[in-house]
Amino acid sequence: MPALKVPNRPNVADIPIIESRVPRPEELVVLSRPLLEATIRIGELLRDCPAKWAFAGDLGEILFGVNVEPDHLTILTTSAGCNEISRSLTAFQTQVPRIGERQLERSAEIHLKPLPIIIKSYSSSFNIEGLRLDVHGDLQIKVGDWDWGDPLDFEPEYVYVVSVKVPAAPLELKMELYRGLGWYDRVSKIHAAMARRHHKIV
Amino acid sequence: MVSQTRREFLKLGLAAAASAAAASGIEIPLLGNQNSNLQNQLDSANTQVTNLKTKLNTVTGFVSLNISEQSLVEAVVETIIPSDSTGPGAKEAGVIYFIDRALAGDYGQSANMFMDAPHVLPNIPAATGISTTLMVNPSLSWAFLLAPGGGYSVAGGGGSSAPKAYTGNNATTPKIPITANPRVGSGINYQYWMNLREFWRAGLVAFSGTAKSYSNKAYGGNFETLSSTNQLQALKDLWSNAPKTTYATSDDLTGFSNILPSDFAYELTFMTWAGFLMDPLYGGNQNMVGWDYVGFNGVNFGNFYGEGFNQQTLMVATTPTKLKPASLAQYQQAATGGT
Amino acid sequence: MSTVINEPAVDVVCLGVGYMSGVVATELALQNYKVVGITKGPYWDYVNDFSMTKYDEWGVGLGRKYDSPLPLQTTTIRNNSSQFALPVRRYTMPIQYHALGHGVGGAAQHYGGTMGRQGPWGYQMLSRTNQDLGVTPLTTPLPSSINPQDDTHDWPLTYEQYEKYYVAWENAHGLCGNYNGSPTNSSTDQYSQKYPWMSQNYRLPPHPLTPVAQMFQTATQAMGYNPFPHVSSLASQPYTNSYGVTVNPCVYDGYCGGPCDYACETGAKANAAYRTIPAAMKTNNFTLVTNAYIYRLDYDTTNNQVTAARYYDAQGNIHVQPAAVFFNGMWGYNMIRIMLLSGVGVPYQYNSGTGTGTGTVGRGLTNGYLPFNGTNVSGTLSIGGNSYAAGNGSGGSVDIYDLMDDNFDHTGQNFIGGSQIGMGGYLGGGPGNITFAGGVGGPSSSNPNGSMGSAFKAKQQNKYLPKTVGVGATRFAPDLPTFMNYVDLDPHYTDAYGDPVSRLTYDWTPNTYNGAIGLVQKCKDILTKMGAQNITVGNAVNPGGAHNDWWGHHLRGGCRIGSDPSFAVYSGYNQLFLSPTSGVNYFGAGEITNTTGDTVPSGTHVAGPQSYRAAEGIAKYLNNIKLGGSVNYLAA
Chain L
1 MPALKVPNRP NVADIPIIES RVPRPEELVV LSRPLLEATI RIGELLRDCP AKWAFAGDLG
61 EILFGVNVEP DHLTILTTSA GCNEISRSLT AFQTQVPRIG ERQLERSAEI HLKPLPIIIK
121 SYSSSFNIEG LRLDVHGDLQ IKVGDWDWGD PLDFEPEYVY VVSVKVPAAP LELKMELYRG
181 LGWYDRVSKI HAAMARRHHK IV
Chain Y
203 MVSQTRREFL KLGLAAAASA AAASGIEIPL LGNQNSNLQN QLDSANTQVT NLKTKLNTVT
263 GFVSLNISEQ SLVEAVVETI IPSDSTGPGA KEAGVIYFID RALAGDYGQS ANMFMDAPHV
323 LPNIPAATGI STTLMVNPSL SWAFLLAPGG GYSVAGGGGS SAPKAYTGNN ATTPKIPITA
383 NPRVGSGINY QYWMNLREFW RAGLVAFSGT AKSYSNKAYG GNFETLSSTN QLQALKDLWS
443 NAPKTTYATS DDLTGFSNIL PSDFAYELTF MTWAGFLMDP LYGGNQNMVG WDYVGFNGVN
503 FGNFYGEGFN QQTLMVATTP TKLKPASLAQ YQQAATGGT
Chain S
542 MSTVINEPAV DVVCLGVGYM SGVVATELAL QNYKVVGITK GPYWDYVNDF SMTKYDEWGV
602 GLGRKYDSPL PLQTTTIRNN SSQFALPVRR YTMPIQYHAL GHGVGGAAQH YGGTMGRQGP
662 WGYQMLSRTN QDLGVTPLTT PLPSSINPQD DTHDWPLTYE QYEKYYVAWE NAHGLCGNYN
722 GSPTNSSTDQ YSQKYPWMSQ NYRLPPHPLT PVAQMFQTAT QAMGYNPFPH VSSLASQPYT
782 NSYGVTVNPC VYDGYCGGPC DYACETGAKA NAAYRTIPAA MKTNNFTLVT NAYIYRLDYD
842 TTNNQVTAAR YYDAQGNIHV QPAAVFFNGM WGYNMIRIML LSGVGVPYQY NSGTGTGTGT
902 VGRGLTNGYL PFNGTNVSGT LSIGGNSYAA GNGSGGSVDI YDLMDDNFDH TGQNFIGGSQ
962 IGMGGYLGGG PGNITFAGGV GGPSSSNPNG SMGSAFKAKQ QNKYLPKTVG VGATRFAPDL
1022 PTFMNYVDLD PHYTDAYGDP VSRLTYDWTP NTYNGAIGLV QKCKDILTKM GAQNITVGNA
1082 VNPGGAHNDW WGHHLRGGCR IGSDPSFAVY SGYNQLFLSP TSGVNYFGAG EITNTTGDTV
1142 PSGTHVAGPQ SYRAAEGIAK YLNNIKLGGS VNYLAA
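Residue numbers (this note's numbering), protein chains in the order written: chain L, 1 to 202; chain Y, 203 to 541; chain S, 542 to 1177.
Check the hints yourself; a few may be wrong.
List time: in silico BS3-like cross-link candidates among lysine-lysine, alpha-carbon distance up to 27 Å [said to hold, decoys possible]:
#1 Y:Lys526 to S:Lys1004
#2 S:Lys705 to Y:Lys438
#3 S:Lys1000 to Y:Lys293
#4 S:Lys1004 to S:Lys575
#5 S:Lys735 to Y:Lys526
#6 L:Lys165 to S:Lys1004
#7 S:Lys1070 to S:Lys735
#8 S:Lys1004 to Y:Lys293
#9 Y:Lys524 to S:Lys1004
#10 S:Lys1000 to Y:Lys524
#11 S:Lys1070 to L:Lys165
#12 Y:Lys438 to S:Lys1000
None of these hints come from the bench; they were simulated from the model.
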């Protein structure tokens, strides 16, 4: 360990200096203020929503400390839940619930040739103070020419966000999803967040 | 984690997968049967490492204590924590090795201690007939504070810039007015100019081994040769400051003239118990016999050996649950993927 | 000759990067001010630095390897001004284990995590006591029968005025608890919001209560008291704070607070490094300087402005860092020391002949922690538990504030205030293998051979697996500010760089011990109601019966805030006064700036609102400068 140099003293003082690397801003996990406020707002509005729902997507991950930078909000729920949420958030709705399919920008990286990923859900969209919220009911995933997967179903975990308590998709679920899609960069981000959260061993 | 083919994972119902993964810590997923060879190699390597570690756990050499110190310290620690019917003691725990390593390391070097002069010894009375005057000079430039608006005032509530004399306590001169009665173990109690290695050296010699040492003068021989009753009593005598630190006749003084016996007793006792109960990484508490004796868990938070307990229940229990202890080395090995 | 490096000027320099600077730096960086934070230690990455090595009582708990090295800097202690002060040469067990913090996060890296708001009475201790006693004017010092050489003063703000800043602090740090006084966490049950009232609840639910805590809760409820879970700064749930920083919950590994004070490897223990500084760094307006030892502030005596902070880097180079405003977030005696070394503020000088003093910097030192020794009430309960490392340093227990402040009748008593009383903390809040509740010792009535021999050894067998638990209370009333307890510079000892260390002249005030004696019966009554056996009153200590020989880890007061610059260093905005209407571009906050303290254990929580006041004051000051206002603007 490098030793402290005291000026104008003949000998180096025998005091250890612990080398430290100050992290760069991109290594720090901080949810932006607009998204934080939107999350709280939605949490308040959906406090009494009877359907099962949870924050998902990058937002769902950052709430558990994963180093991602969401630019919108995502909620996973059931089809009935999508209707419930639409009722609660009518004032912000930009797209009424309907079944839709779309291909994701990024492909599955499992085989040598990338496979397209299509998601299908009963979904709606909202604009909360300039931020987009997508609500997906009974989301299903299809990779390449495989069969459609079952609708995503899970028990949410809860995180307190200042004044509200909100459900979010568990990290284990996302990790399995990403493994299956071959997105190992995303797996290791979640891995890192989980490492920070627990003992190194159980 | 048992693997399925990629095509099937989406159909499983990820809730099941999620709950299975949740129970584990960090995993490195193996890719199924084609890597059993690799697994076998890993197992074999882990076994070899474990065997090597068992060998290294037997620590039998000294790096700091000299030959006479070794036998004296051995007898002392075994008096403080004897091996008896209730269980193993300092001997089995290797307490002497903890002490030896500590004396060679930061503890002995007083590496994290403030060692500057002046050294005013709070509880040592000066020898009769000897006036040890400690001169301290407050007229250094920084002792004067810059007052707002210019000019200087003396730090600490006024006073002159003349040197101040602090003299020892004897029959005619009142005691040095210092902080009253620092307790043994208090951070302002140890004011010696010696680092702890030297303190031990001086204390051990003052205690036993020469004609003027306390054990020899009071009990007729080296500490190691005394009966166990006298051994315990000799240590108690240190705590009660029986060995003289001043002398009325030339015969009274033992080697403790500059060390308060109770301060030395504190180090002996404290380090013996530390050697019994600190992590084995430091040379003592070997095979965690100390932790086993007191019921401490080390780094086992309830499931280190697969016992299936968790902290949340253990911390609100009304009856105790003894856990087999785990050491820091075991924890680090487990956390980095070793066995 | 050392190289001198001139750093570019910024808006704000934060001295030290602990709890207080964390708030100030973040608040101002979010308002687009350029901020530099300077700390003598490193940046701790808790995963890399702590997770593999923290479970180590010898290296971490006793060796204090994550804390401030004593050879770099220490302090000296004496009880009164006629004595020679002895330097703290060593971090020892069991008595003086609390080390000065080091690096980002400071001392909060290793503390127990207890929090608790100070009640309204604590902010107006002097005037309310005088009111009760029928004394006018209300600024009359307390009689010497209660506190000799009394220097007690009211705070510049009331609890009501601080309340919103408590809220801001709690939102940022994620504190756990129920509404004060409510065991059911309801704002409307008969107990709730009793004392002190809260405009909003703590952000996170309390940690699970222990069986002992539940017994205490039941007993005190039946007696008409208002129990509620102990307030903790260790997150009990995943949390995202008001700055968007995510917080991991406590994993209850039991290597936490208590005797050994460990850092937290999941970041659950609230700390600037895991609550505020990440948000400051994310703004790109904050620069962190580590391993940098601040040794002077440059002070312009003509304009009464601090112009720069000077620090040594680890290679011995000198850096000069100018700024428009300076915030001092250094711990305790170091805040005072840098001001005395630099000629900032008016040094306090004690006159032992008259028993009074003049000046302010260093004045009115109190020790926020409890004396080690006092009249103690104890008993045993016939339930057991696990007292090895299980739980955390601040959860599991239940408190009442009913025997604190002026919440009970003091007729005929010779003390003011009282004590928070709580029981049932997790038995294992940190390994105490060497502490044995008091440490190794010599022969005594309970241990005729001291900590030696078979009989004592047998007492240690399975001691972490108790079948009965001891409960008790040594309830001290608040330590009160006096003229004779203060901080100044030591004339004999220096730090590694050759500058004098601080000197604490301090002994416990009578109020603490009289409170312990006065509350004995009420403590006995609680233990009786709980069904404890062998209830004994022991260890009777009268005022003056024990003397302070440690520096304590909650120094409160010494650099106080107030409305009157004749005793206070800082104004109600935590800004250095020149006069009642003008100030200096220099602010400070910390427990050391507390004007008084009731015995809520953590004065850190009481310092919290001050950091937000300081941030607000600094923003006002900078805005005033922008508008071309006076450099001696005193924020109002």
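For each hint, the structure was consulted:
no. : hint                  : verdict
1   : Y:Lys526 to S:Lys1004 : 15 Å, holds
2   : S:Lys705 to Y:Lys438  : 58 Å, violated
3   : S:Lys1000 to Y:Lys293 : 19 Å, holds
4   : S:Lys1004 to S:Lys575 : 54 Å, violated
5   : S:Lys735 to Y:Lys526  : 46 Å, violated
6   : L:Lys165 to S:Lys1004 : 41 Å, violated
7   : S:Lys1070 to S:Lys735 : 22 Å, holds
8   : S:Lys1004 to Y:Lys293 : 21 Å, holds
9   : Y:Lys524 to S:Lys1004 : 11 Å, holds
10  : S:Lys1000 to Y:Lys524 : 17 Å, holds
11  : S:Lys1070 to L:Lys165 : 37 Å, violated
12  : Y:Lys438 to S:Lys1000 : 18 Å, holds
Taken one by one, the earlier hints fail for this structure at numbers 2, 4, 5, 6, 11, listed in ascending order.
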